[in-house]
Amino acid sequence: MFDYKRLQEAIKSENGVSRRLFLSYGAALSTIPLLGRASWADPSPVFQKNPFSLGVASGDPDSSSVILWTRLAPEPLAPHGGMRPQAVAVTWEVAEDEGFTKPVVSGTTQATPQLGHTVHVEVKGLKPDHWYWYRFQAGDAKSPAGRTRTMPLETELPDQLKFAFASCQHYESGLFTAYEQMAQDDVDLVFHLGDYIYERENRNKKAIRAHFGPEIETLEHYRTRHSQYRSDPLLHGMHAKCPWIVTWDDHEFDNNCANDISEETQVDPVEFLLRRANAYQAYYEMMPLRPQSLPQGPHMQLYRQASFGRLADFFVLDTRQYRTDQPNGDKKSPINDAALMRKNTLLGSRQRHWLQSGLISSDGIWNVLAQQVMMGMVGFPQKEGPAVYSMDQWPGCSYERMGLVQFLADRQIPNPVVLTGDIHSNWVNNLRVDDRQPETPVIATEFVGTSISSGGNGVEKRKGHAEILSNNPCIQFQNSERGYARCILTPEKWTTEYMVVDDVTRPGGKVSQRAAFVVEAGQPGAQPV
Numbered sequence: 001m002f003d004y005k006r007l008q009e010a011i012k013s014e015n016g017v018s019r020r021l022f023l024s025y026g027a028a029l030s031t032i033p034l035l036g037r038a039s040w041a042d043p044s045p046v047f048q049k050n051p052f053s054l055g056v057a058s059g060d061p062d063s064s065s066v067i068l069w070t071r072l073a074p075e076p077l078a079p080h081g082g083m084r085p086q087a088v089a090v091t092w093e094v095a096e097d098e099g100f101t102k103p104v105v106s107g108t109t110q111a112t113p114q115l116g117h118t119v120h121v122e123v124k125g126l127k128p129d130h131w132y133w134y135r136f137q138a139g140d141a142k143s144p145a146g147r148t149r150t151m152p153l154e155t156e157l158p159d160q161l162k163f164a165f166a167s168c169q170h171y172e173s174g175l176f177t178a179y180e181q182m183a184q185d186d187v188d189l190v191f192h193l194g195d196y197i198y199e200r201e202n203r204n205k206k207a208i209r210a211h212f213g214p215e216i217e218t219l220e221h222y223r224t225r226h227s228q229y230r231s232d233p234l235l236h237g238m239h240a241k242c243p244w245i246v247t248w249d250d251h252e253f254d255n256n257c258a259n260d261i262s263e264e265t266q267v268d269p270v271e272f273l274l275r276r277a278n279a280y281q282a283y284y285e286m287m288p289l290r291p292q293s294l295p296q297g298p299h300m301q302l303y304r305q306a307s308f309g310r311l312a313d314f315f316v317l318d319t320r321q322y323r324t325d326q327p328n329g330d331k332k333s334p335i336n337d338a339a340l341m342r343k344n345t346l347l348g349s350r351q352r353h354w355l356q357s358g359l360i361s362s363d364g365i366w367n368v369l370a371q372q373v374m375m376g377m378v379g380f381p382q383k384e385g386p387a388v389y390s391m392d393q394w395p396g397c398s399y400e401r402m403g404l405v406q407f408l409a410d411r412q413i414p415n416p417v418v419l420t421g422d423i424h425s426n427w428v429n430n431l432r433v434d435d436r437q438p439e440t441p442v443i444a445t446e447f448v449g450t451s452i453s454s455g456g457n458g459v460e461k462r463k464g465h466a467e468i469l470s471n472n473p474c475i476q477f478q479n480s481e482r483g484y485a486r487c488i489l490t491p492e493k494w495t496t497e498y499m500v501v502d503d504v505t506r507p508g509g510k511v512s513q514r515a516a517f518v519v520e521a522g523q524p525g526a527q528p529v
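full-length UniProt numbering applies: residue 1 is where the sequence shown begins, and numbers increase by one.
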């Protein structure tokens, strides 16, 4: 049940609009059913077009269960995906082989209009550290088969984990070519670190392909935009290869949002939170997320933990929903008093305490923060005056950021590694408590992945590359091509390979390895291979 008392307390500080906010929260909450359960569902629907046009997906695996996902959308860009406002019965099955000759478990669920005819099946009782195949059927229509896996038992120490991480896939800026190579990499998992969709309408007549519809604000807008992205065969083809663990950044809702604060002035806070409720519901519907992530109006808990046996503990973070407003007007600035204020936060107190508690109790050889914005304190030199830093990234919350790295050092958290997206470029950063003090010890390693397509074709080296590196000893590598990162973990070492695409503006782009770095267990900091 939703805690209205907590809601009332939370909105007391909303400067005279608390009643309007309360009513708006209530209106948003009324759109969220209990996981789309229906008392009656059409058992024999008839479709004129393929209802599984968006493919299948799986996610959030543990050692005995996984979430299976699909959406019925015979016309993905039509209102409601081309579906009538009635529930539809969907059968699902899981097998140990691709031909489904070794069935494991099956069942029937409902795709309801209240949840955009999406399906989230929580399959339990599976073997640990095991691959499975799955598929769906509605009426006579059958989905493509997907492959998924469970995690090893938390007490087991696997020999290896191979995963990829990616972010920032602007539909208009380029093709999702990187996923074509990723699908051949035979990875165990994919981590998507945000900007899965972009919210703006088409503004560029020279766009590679155009966004459908206006800037997205309503629930149907967000559903349609997600469907347009998911209809890309390379994207939904990669979803079918292995389970994904996802988190958002800003563009899943609105650019550079900070909690309930818009980057734009004169925005009605009521309308902004209603829009966030729409964005959050569509995000839940379209991702293979567990029921624990079901949103309550404009609130949705996305931070969570996953373990690959004792080899790695992953802490998936949300640095958008709980953060304070960016200091210094969100302009690149020196790390001044505003950036160092103790109240500045990316995590919020509840998420920060959860993270610290999880790190203390972790048995993982590698302890991984999968999150959105760069943690390295990278200063950009100016012709005059001190270097400036991004206030949307961790330097804008320097006190919290330095405190977190100090916590890793003080508690001797084994082998901390940070995975980051957001900035459409590759970086490798050796993290210190204060990266401006290169004489101090390295505590952790950060691997920043470039965009899948955002920004169009990148360049091998950005403007001022040499000057940035020489002024920031934390940086070990920087590159601005498109692509993704591929990671191979063993108990002894971590290897990250930066895979880049030579052209995302037309089909046939080639993928190659630009660089690779290794972290030895027990020795923080990355070294080139």
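Hints in this document: simulated from the structure, not taken from any laboratory.
Possibly wrong hints are sitting among the right ones.
Stated by the list, open to error - Derived PhoX-like pairs (lysine-lysine); straight-line CA-CA distance at most 20 Å:
(1) Lys510 - Lys493
(2) Lys102 - Lys127
(3) Lys162 - Lys493
(4) Lys383 - Lys493
(5) Lys142 - Lys49
(6) Lys162 - Lys102
(7) Lys461 - Lys493
(8) Lys383 - Lys331
(9) Lys162 - Lys332
(10) Lys102 - Lys49
(11) Lys142 - Lys127
Since the model is a prediction, treat every value here as computed from it, not as a measurement.
Taking the hints in turn, this is what the structure says about them:
1. With a C-alpha separation of about 29 Å, the suggested pairing of Lys510 with Lys493 is violated against the 20 Å cut-off.
2. The straight-line distance between the Cα atoms of Lys102 and Lys127 is roughly 14 Å, inside the 20 Å bound, and the hint therefore holds.
3. For the hint pairing Lys162 with Lys493, the CA-to-CA distance comes to about 12 Å; that is within 20 Å, so the pair holds.
4. With a C-alpha separation of about 41 Å, the suggested pair Lys383 and Lys493 falls outside the 20 Å cut-off, and the hint is violated.
5. Between Lys142 and Lys49 the CA atoms are separated by roughly 12 Å; this keeps the pair inside 20 Å, and the hint holds.
6. Proposed proximity of Lys162 and Lys102 is contradicted: the alpha carbons are some 26 Å apart, above 20 Å.
7. A threshold of 20 Å between alpha carbons decides the hint, and for Lys461 with Lys493 the separation of about 28 Å lies outside it, so the pair is violated.
8. For a cut-off of 20 Å, the pair hint linking Lys383 to Lys331 stands: about 17 Å separates their Cα positions.
9. Distance hint between Lys162 and Lys332 is unfulfilled; the C-alpha atoms sit about 36 Å from each other, more than 20 Å.
10. A threshold of 20 Å between alpha carbons decides the hint, and for Lys102 with Lys49 the separation of about 30 Å lies outside it, so the pair is violated.
11. Under the criterion of a C-alpha separation no larger than 20 Å, the hint pairing Lys142 with Lys127 is inconsistent with the structure, at around 26 Å.
Consistency note: the structure conflicts with the earlier hints numbered 1, 4, 6, 7, 9, 10 and 11.
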